[in-house]
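Got chain A; can you put chain B on it based on the hints?
Those sequence lines, one after another, are chains A and B. Quick note on numbering: the first sequence equals residues 1 to 895 in full-length UniProt numbering. Quick note on numbering: the second sequence equals residues 1 to 191 in full-length UniProt numbering.
Don't read these hints as lab results, they were simulated from the structure. A portion of the hints provided could be inaccurate.
[Stated by the list, open to error] Covered stretches of chain B, going by a simulated chain A footprint (3 or more residues, C-beta under 8 Å): (1) 20 to 30; (2) 52 to 63.
[What the hints assert, rightly or not] Computed far set for chain B versus chain A, every beta-carbon distance over 10 Å: (3) Asp17; (4) His36; (5) Ala97; (6) Lys99; (7) Ala103; (8) Ile111; (9) Leu112; (10) Leu113; (11) Ser122; (12) Ser139; (13) Lys142; (14) Gln145; (15) Lys157; (16) Thr168; (17) Gly169; (18) Asp170.
[Claimed, not checked] Lysine-lysine pairs mimicking BS3-like chemistry, simulated, CA-CA at most 30 Å apart: (19) A:Lys117 x B:Lys16; (20) B:Lys157 x A:Lys112; (21) B:Lys43 x A:Lys81; (22) B:Lys155 x A:Lys81; (23) A:Lys94 x A:Lys44; (24) A:Lys94 x A:Lys25; (25) B:Lys59 x B:Lys119; (26) A:Lys152 x B:Lys38; (27) A:Lys117 x B:Lys61; (28) A:Lys112 x B:Lys142; (29) B:Lys59 x A:Lys44.
Values in this document were obtained by computation on a predicted structure and should not be read as measured data. Ideal placement from N, C-alpha and C gives every residue a C-beta, glycine not left out.
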Amino acid sequence: MSSFRKDKKDEEEGGSGNPFNNLEKASVLQEARAFNDTPVNPRKCTQILTKILYLINQGETLGAREATDAFFAMTKLFQSKDVILRRMVYLGIKELAPIAEDVIIVTSILTKDMTGKEDLYRPAAIRALCAITDTTMLQAIERYMRQAIVDKIPAVSCAALVSSLHMCQYSGEIVKRWVNEAQEAVNSDNIMVQYHALGLLYHIRKSDRLAVSKLVTKCTRMVLKSPYAACLLIRIACRLIKEEETGPDSPYLEFIESCLRHKSEIVIYEAAQALVNLKTSTSSTSSRELGPAVSVLQLFCSSPKPTLRFAAVRTLNKVAMTNPAAVAACNLDLENLITDVNRSIATLAITTLLKTGAESSVDRLMKQIATFVSEISDEFKIVVVGAIRALGTKFPRKHGVLMNFLSSLLRDEGGLEYKAAIADTIITIISDNPEAKEAGLSHLCEFIEDCEHTSLAVRILHLLGKEGPRTKQPSRYIRFIYNRVILENASVRAAAVSALAKFGALCDDLLPAILVLLARCRMDTDDEVRDRATYYYAILDQQSRALNSQYILNPLPVSVTSLEKALHLYTLDPVDTPFDIKSVPLALESETAEAEKKAGAPEGSRTIQIESTFEMLQAAEPTATRLDVFASQLANVPSVAALNLGPLFKSSQPSDLTESETEYVVQCIKHVFSRHVVLQFDCTNTLSDQLLENVHVALEAPEGWEILAEVPCPRLEYNVSGTVYIVLRMPEEISECLGSFTAVLKYKVRDCDPATGLPDSDDGYNDEYALEDVEISVADQVQRVMKTDFAMAWEEIGPTNELEDTYALTALNKLDDAVRTVVQFLGMQACDRTDRVPPGKSTHALLLAGVFRGGYEVLVRTKLAMSPQTEGVTMHLCVRSEDPSVSELITQAVG
Amino acid sequence: MGLFDKLASFLGIRRKDCNVLVVGLDNSGKSTVLNHFKSPDCKDSNVVPTIGFSVEKFKYKNVHFTAWDMSGQGRYRNLWEHYYSDCQGVIYVVDSADKLRLAVAKDELDILLKHPEIKSRSLPILVLANKMDLRDALSPVKIVQGLGLDQDLVKDKPWQIAATNALTGDGLAAGADWLSDQIQLNLSRRK
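Just chain A, same shape as in the assembly (with noise of 0.2 Å):
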């Protein structure tokens, strides 16, 4: 009761507990003119000193000249004896040595009394010292330090060797000399310099490999007597590991284990979590390689210290998400620590066991969550949510469990993070499982009832929108969507008029109630809104299918910034002509997908494209596009713009024509517009003694190519990188068009002198290089495009243009890495997530759609199938496109 009644008096008070609270800047530091008064009063200044303190740590910020004010007043305490008074005074010369001028007057006192005898100020002096000195004056201390360094009170020592460590990032070269000094300090017997003192040594010789596996084999020899060095060691043990990418006989590794039997806790636990980190990282590991790391932090699960607990515990769900299987042994002592009273262990030990767990688990587990999920932080939530997603995937039957449970997380308080982790949860398992789509819908239905976010709102709109359709009762949702029309803010208005469109488009019985119901949007109060439902309300009056699938179904294909940029530029110059939507480039809007999947862990990416391709739809990305910037880049070429190839259609990624590290390195990009290809050759100089002049590539075109143009570099010096254009005009026949180039890079050399980079002599040579083959392949023609109804586009070409043909791919034996190299080499975009193959299935239908350079759409159909007799996978293949020579290359290309 009565500690109640003082926390009310303190709310009451403001925080009136802390005496430094309403300080003043200005103030303080007119107190601080006390410092110049003689003789000093102690308690005074000390107090002062540490409202200054203080003030800086909480954040205030000291002009110059008041930090410098206040620390020539500061050094006129160094009269006083008192040593309370003195030690203030070294930390306050530490705080404003960075802001202050002219810090290095206190140089000498400081060497005075980290010389003296007073051991009370010695080590503060050392530290407040190094924080004062640049390289220049840190020659003249250099002595002290060596002093300090094996000075045989351990605190002066420590001092010493951590202020080293600082100054190595400035002057490495003056703390290298100190090696000795160091080395002698490891031999210590005080822990905390012994740490210090190895971290120093590492320090020094971190550079050079040699001499650090020198000192970790020197180390590991004698017997560290301070656990925080032995961990350090394991630490810098480990890098040695992953630099050398030695096998399982490295002795480093031997080394580790050894440490598994060490007397300290702190030991084993560092060395439990190193192993299991080294191996987790390299791909092919058992769980007996694991077994000793997982048995030491099986026996901490059990440890009465709960840091220790934690540690263990954390590890372990580290461990899980790799490799569940090493982990299994431990799931006893996971099982108890579910009900341990720290939430933190708690909830990180259940979700260990999710992963670990057999089905037959998962719904007592969930129960258990369910208890205490309300009273663990939004950090842990997500944890536990994370691991809901892994079991969805794993145990696709238990979605039923899974989707209440997360409901119900949906319901309760939480932040924007952590609901839409929840949301993405939900919605990874309706991609994922085809029976979970009604209950998923239904539940985010009832969710964006009461949704505050509006992002994560406008997210389930368009993801109603897209699946709501294609289930059974398409009706149900209507009545959830259009109450966003009623109740909410302009943008998830906006997001549901859209959705609604769609339901139009795709279900026909419902489209006489929609068009009532754009009908009324269109009287909203906010343009996006009124814009969006005529828009939509026109076209679905049309009734056409083919209307509805260009304008609602599919998205726009591209990108907002270049559309933007090409109706500006024909705005500037009208013609008589109407804009062409054909002449602006395509979106690359799967290559970023791409790219995030490859660097995304293979555990979340497929989730992180779904994403990534949502975003993109719902708002292009507002940047220049990577074909923005290599547009303006050729415009800028006097010579290629002179040329007027039209929009640029791809540019190719770059692709090397050298080795890497040989003497010349050089790269090319492929850039294609409607008639022509424009090759850019990045070419550099890696030769320091060579300056070449006149740099051009000879190409020998194959019949029908005709080189237009071309733009040699005229200087290439070391390392500066410079580009050669050639421009060339493709063969009238589309079916002509893939070809391969001979290349040679020719000419002159100039030797120089590689210190200053100026020729030595007037006169070169000419000389060339060989190059590799300069590909131009049906990818490089073709750009993505997304179809999300590939059937309806498939009706809309027609068979007209159809072509089809079997192949035998005999050098794959897998179907996802066909499906893959498929796509790579036409360079089209999968539809309707077919590029993805169900595991165990022995048949896969692939279908890709894209645009061909000059604006012809081309889809393809293919069916692979392994075939059980010969080795390898069976390819059907079947291109629709509006121009039949381009069918014709597709197959012919494949073939």
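Using the frame of chain A, we list chain B on its own:
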């Protein structure tokens, strides 16, 4: 001021504290001069060039001196002024064998004397013509002329020159006697 302090000052046995500033060009012997006054057990065996400043405390004839030993190197000379405000005396050390830089020493002394904190007060200034044991050392009279001490600038301030040898301590006692007398005089005048 505590009751004891009041009593002590009434009886005239109060501890006398004073701050003196020790300045001069580099390598003139400031730290060595101060080293001489320190008690035997805390004397430095070798004196190194001072970087910035150093504070030394010593007792000479009933007066407790706190000496601010400033570095004489060119880059630190402009930092002297930070310590002008609270000193009761200035010791200006000159290397009497360094004829070439006597002009520099004069310039620095002029700047010091023109500084508002010094100009307005009648501080005693003790000039030590140090290193007089060297063979080509100038006589104190020459130094007085060289520094321009016979001109108007210092006419309102008590000053004294002493020829010294800081290594042996010759002549230091005479200078210190004069300075402590002057400072005590100043202190008693203020009361």
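Here's how the hints hold up against the structure:
Coverage of a stretch by a chain is defined here by at least three residues with a beta carbon nearer than 8 Å to that chain's beta carbons; for the region 20 to 30 of chain B and chain A the count is 0, and the condition is violated. Counting residues of the region 52 to 63 of chain B whose C-beta lies closer than 8 Å to any C-beta of chain A gives 5; at least three are required, and the coverage claim holds. The non-interface label for Asp17 (chain B) is inconsistent with chain A: the shortest C-beta to C-beta separation is roughly 6 Å, within 10 Å. Consistency note on His36 (chain B): stated as away from chain A, and its beta-carbon is indeed over 10 Å from all of that chain's, at 17 Å minimum.
Once the 10 Å rule is applied to beta carbons, Ala97 (chain B) is consistent with being away from chain A; the minimum gap is 24 Å. Distance check on Lys99 (chain B): its Cβ is at least 28 Å (rounded) from any Cβ of chain A, clearing the 10 Å threshold; non-interface status holds. Every Cβ of chain A is farther than 10 Å from the Cβ of Ala103 (chain B); the closest lies at roughly 26 Å, confirming the non-interface assignment. Listed as a non-interface residue, Ile111 (chain B) keeps its Cβ farther than 10 Å from every Cβ of chain A; the least gap is roughly 17 Å.
Once the 10 Å rule is applied to beta carbons, Leu112 (chain B) is consistent with being away from chain A; the minimum gap is 17 Å. The claim that Leu113 (chain B) lies off the interface holds: its Cβ sits roughly 21 Å from the closest Cβ of chain A, which is beyond the 10 Å cut-off. At roughly 18 Å, the least C-beta separation between Ser122 (chain B) and chain A is larger than 10 Å, which holds for a residue marked as non-interface. No Cβ of chain A approaches the Cβ of Ser139 (chain B) within 10 Å, the least distance being about 32 Å, so the stated non-interface status holds.
At roughly 32 Å, the least C-beta separation between Lys142 (chain B) and chain A is larger than 10 Å, which holds for a residue marked as non-interface. No Cβ of chain A comes within 10 Å of the Cβ of Gln145 (chain B); the nearest lies about 33 Å off, and the non-interface call holds. The beta carbon of Lys157 (chain B) sits about 20 Å from the closest Cβ of chain A, which is more than 10 Å, so the claim that it is off the interface holds. The beta carbon of Thr168 (chain B) is kept farther than 10 Å from every beta carbon of chain A, the shortest such distance being approximately 24 Å.
Separation of Gly169 (chain B) from chain A is adequate, the least Cβ-Cβ distance of about 22 Å exceeding the 10 Å criterion. Against the 10 Å criterion, Asp170 (chain B) stays outside the reach of chain A, whose nearest CB is about 26 Å from its own CB. In summary, the hint linking Lys117 (chain A) to Lys16 (chain B) is supported, as the alpha carbons are separated by about 26 Å, within the 30 Å threshold. Proposed proximity of Lys157 (chain B) and Lys112 (chain A) is contradicted: the alpha carbons are some 34 Å apart, above 30 Å.
Pair hint Lys43 (chain B) plus Lys81 (chain A) holds up; C-alpha atoms about 18 Å apart against a cutoff of 30 Å. The hinted pair formed by Lys155 (chain B) and Lys81 (chain A) fails the criterion: a straight-line CA distance of about 37 Å is larger than 30 Å. Of the pairs offered as hints, the one joining Lys94 (chain A) and Lys44 (chain A) holds, with about 20 Å between alpha carbons and a cut-off of 30 Å not exceeded. Taking the CA atoms of Lys94 (chain A) and Lys25 (chain A), the gap is near 19 Å; set against the 30 Å cutoff, the hint holds.
Taking the CA atoms of Lys59 (chain B) and Lys119 (chain B), the gap is about 28 Å. The hint holds against a cut of 30 Å. Between Lys152 (chain A) and Lys38 (chain B) the alpha-carbon distance is near 27 Å, which keeps this suggested pair within the 30 Å criterion. Of the pairs offered as hints, the one joining Lys117 (chain A) and Lys61 (chain B) holds, with about 26 Å between alpha carbons and a cut-off of 30 Å not exceeded. A hinted pair counts as satisfied when its Cα atoms are at most 30 Å apart, and Lys112 (chain A) with Lys142 (chain B) does not qualify at roughly 36 Å.
The hinted pair formed by Lys59 (chain B) and Lys44 (chain A) meets the criterion: a straight-line CA distance of about 26 Å does not exceed 30 Å.
Of the numbered hints stated above, those contradicted by the structure are hints 1, 3, 20, 22, 28, listed in ascending order.
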